[in-house]
Amino acid sequence: MDVFVSALGEVFTARIMGLMTVGTLAGIIAAAIPGFTITMAVVLTLPFTFGMTPIEGLSTMMAVYVGGYSGGLVSGILLGIPGTPSSVCTVFDGFPMTKKGQPGRALSLGVWASFFGGLIGAALCILLAVPIARFGLRFGPWEMASLIFFALTLMASLGSKSITKGLMGGLLGLLLATVGIDPIGGRPRFTFGQYNLTSGFAFLPVLIGLFAVPAMIQAVYEIQESKRKGETSAESYVPKNLAIPWIQTLKEIMHQWVNVLRSGIIGAIVGALPAAGGNTATFLAYDQAQKFSRRSDEFGTGIPDGIIASEAGNNGVAGGSLIPTIALGVPGNSITAVMIGVLILHGITPGPLLFREQPTLVYGLFIALVIAHFFMLAIHFVGIRWFIRVAQAPKYALVAVVLVMCVVGSFALNNRYFDVLVFTFFGLIGYILNGAGMPLGPVVLGLILGPLAESNLRRALMTNPDPMLFFTRPISMTLILLSLLSIVYSGLQIWRAGKRKKYQKS
Amino acid sequence: MKKDAVLGTVMVIISSIMIWQADLLPRGNKWDLLGPAAYPKWISWGLLILSVILILSSLRRSGKESWDWSALILPGFTFLILMGYVFIMPMMGFIISTLLFLVILQALLSPSQKKPWLHIACVSLFFTFALYLMSSYLNIQLPVLAL
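Line order of the protein sequences matches chains A and B.
Residues 1362 to 1867 (the numbering used here) are what the first sequence spells out, left to right.
Residues 2 to 148 (the numbering used here) are what the second sequence spells out, left to right.
These are calculated hints, taken from the structure and not from any lab test.
Watch out, some of these pointers could steer you wrong.
Straight-line C-alpha distance at most 20 Å; calculated SDA-like pairs for lysine to any residue [stated by the list, open to error]:
id, chain 1, residue 1, chain 2, residue 2
1, A, 1522, B, 56
2, A, 1588, B, 116
3, A, 1522, A, 1857
4, A, 1590, B, 109
5, B, 116, A, 1755
6, B, 31, A, 1826
If you want the footprint, here are the derived chain A segments under chain B, 3+ residues with CB under 8 Å [to be verified]:
id, region
7, 1528-1535
8, 1540-1552
9, 1576-1584
10, 1603-1611
11, 1768-1782
12, 1796-1809
13, 1813-1822
Have a look at the derived ranges for each label pair, beta carbon to beta carbon [stated by the list, open to error]:
id, chain 1, residue 1, chain 2, residue 2, range
14, A, 1442, B, 89, 34 to 40 Å
15, A, 1854, B, 118, 50 to 56 Å
16, B, 118, A, 1798, 36 to 42 Å
17, B, 126, A, 1854, 50 to 56 Å
18, B, 17, A, 1786, 17 to 23 Å
19, A, 1786, B, 34, 30 to 36 Å
20, B, 93, A, 1492, 19 to 25 Å
Just so you know, even glycine gets a beta-carbon here, dropped at the ideal spot from N, CA and C.
Please take these sequences and the hints and turn them into a complete structure.
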């Protein structure tokens, strides 16, 4: 209890409240722009927190993270273009409701559902993270190495369209992480005589390059296409004086509490699983809502049930995916992989020991996670009418501005010009890999978890040279079996899909 | 040529270089069985094998993939301008190079019929100075190598 009170005292300061307001606003705005992802929002705002204390920086990043999950609904509902991939299902009913002349109702339903779904995810995160971390304390180097292997294979196999490319991405990330000083012996590796590579690739410039540059180049490609076709901006059905019935829709949400609760829980559980993210959660929540609804045949025509399920599911993921990230130090998807980076850059090593060594900070994070949802709600109350203007801002200006922010962000980490060059190089790599259909999530996961994987593997063999211990220790064996199962399962799925395609063709 | 085959070939080259480089590192000893070389070598071998699988499966697939080179013109120019910005920054300093970059890139990407010059100028000036002020407030170093 003392820890909780002390954490409350640390978070509830005027400066942190101000920073969280700005962070939430930044997250919402970034996610409201079609083509910008939550990962990009987190990566681009991270450099601005370097000068802050850990609790200030982490609270700000938590606000960006939560804001990002809710921002995608604005352009999805008003323009029919999802702001983020995880708000795709919101478009199914949100945009038809807008076309029916009820954009305000659709927006407020989405915001309320995001708020309640997010709080359900946050509550589950707080409830489950502590026991999972306690369980994680039993892990030795064998279990940790197997856990990382599990997270990587799951993300590479289930989270990618091609298992081969997914696994290649994971291995490429692990390989990139070996550049620099060897974590056990302290010997430089693969530096090719470059002094700047001795400490390896700083992962922030790599992340910015891999995520932001392909997204910006894609935006440029879209500009080129619209120039060719002579298109102007997307058709808008939004009236000039947009009325938003907040109270009325709150009553509607209360009537649908089962839908909100179910979708929020689905989101949190899916979020906690490695490889599954907002997309899977929203589709699953939407599908379940349709199955349990009395008006299942009206889904997709602009009914509240669909918007509520999608947004509650999407925002439930925010809390859920933080469970393995904070409790075990193993991220489940690329967004939480970046969040792990955020923690590391602020000098914090996530994992079970964090709960024992820095309990105030952990509780501070939990408090920030909950408060961020209230900020998100308040900012939507005030600014939702303006967010659509941001979503419609000219892309040529956005691309230029974001690229400058990428350069500043890459430099700000170590104040090294070399990192700006690293960003440019990885931007090119990211663009090529993206174009070739290689998923970037496993690359990032491999890069972040690489040093941990290697040091645990080598430490395990230094403790006992018998490699069979990986297969005889129960937790380690279970994790390895699950990893293999995920590869086999994913292979079967792809094989079946291929067969079905052939059958349909014939 | 198919995209997967190109990707696979690039990865074969990268993994081969890494295997060769890992061979130059010292081997493990009785205290550290793996040493600095074994782990990267295993990963490189894994990447090499998967790359070969990718190339073979791509060659087995029937049909031809067409490459739309014209689609790469504007993205290619954007990337070149970004590289130019990064390279001139140490010579011209952050503020001047950023202003130039913002104006040139926006001019390139904005609608071709009627360039919104006033808008471009306002965005460039406002953003550069906002970033400069924000960095001083949040104590972030900008790449201001010279003004």
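Verification of the hints:
no.: 1; hint: 1522(A) with 56(B); in the structure: holds (17 Å)
no.: 2; hint: 1588(A) with 116(B); in the structure: holds (13 Å)
no.: 3; hint: 1522(A) with 1857(A); in the structure: holds (13 Å)
no.: 4; hint: 1590(A) with 109(B); in the structure: holds (17 Å)
no.: 5; hint: 116(B) with 1755(A); in the structure: holds (12 Å)
no.: 6; hint: 31(B) with 1826(A); in the structure: holds (9 Å)
no.: 7; hint: 1528-1535; in the structure: holds (count 5)
no.: 8; hint: 1540-1552; in the structure: holds (count 6)
no.: 9; hint: 1576-1584; in the structure: holds (count 5)
no.: 10; hint: 1603-1611; in the structure: violated (count 0)
no.: 11; hint: 1768-1782; in the structure: holds (count 8)
no.: 12; hint: 1796-1809; in the structure: holds (count 4)
no.: 13; hint: 1813-1822; in the structure: holds (count 4)
no.: 14; hint: 1442(A) with 89(B): 34 to 40 Å; in the structure: holds (36 Å)
no.: 15; hint: 1854(A) with 118(B): 50 to 56 Å; in the structure: holds (53 Å)
no.: 16; hint: 118(B) with 1798(A): 36 to 42 Å; in the structure: holds (39 Å)
no.: 17; hint: 126(B) with 1854(A): 50 to 56 Å; in the structure: holds (53 Å)
no.: 18; hint: 17(B) with 1786(A): 17 to 23 Å; in the structure: holds (20 Å)
no.: 19; hint: 1786(A) with 34(B): 30 to 36 Å; in the structure: holds (34 Å)
no.: 20; hint: 93(B) with 1492(A): 19 to 25 Å; in the structure: violated (56 Å)
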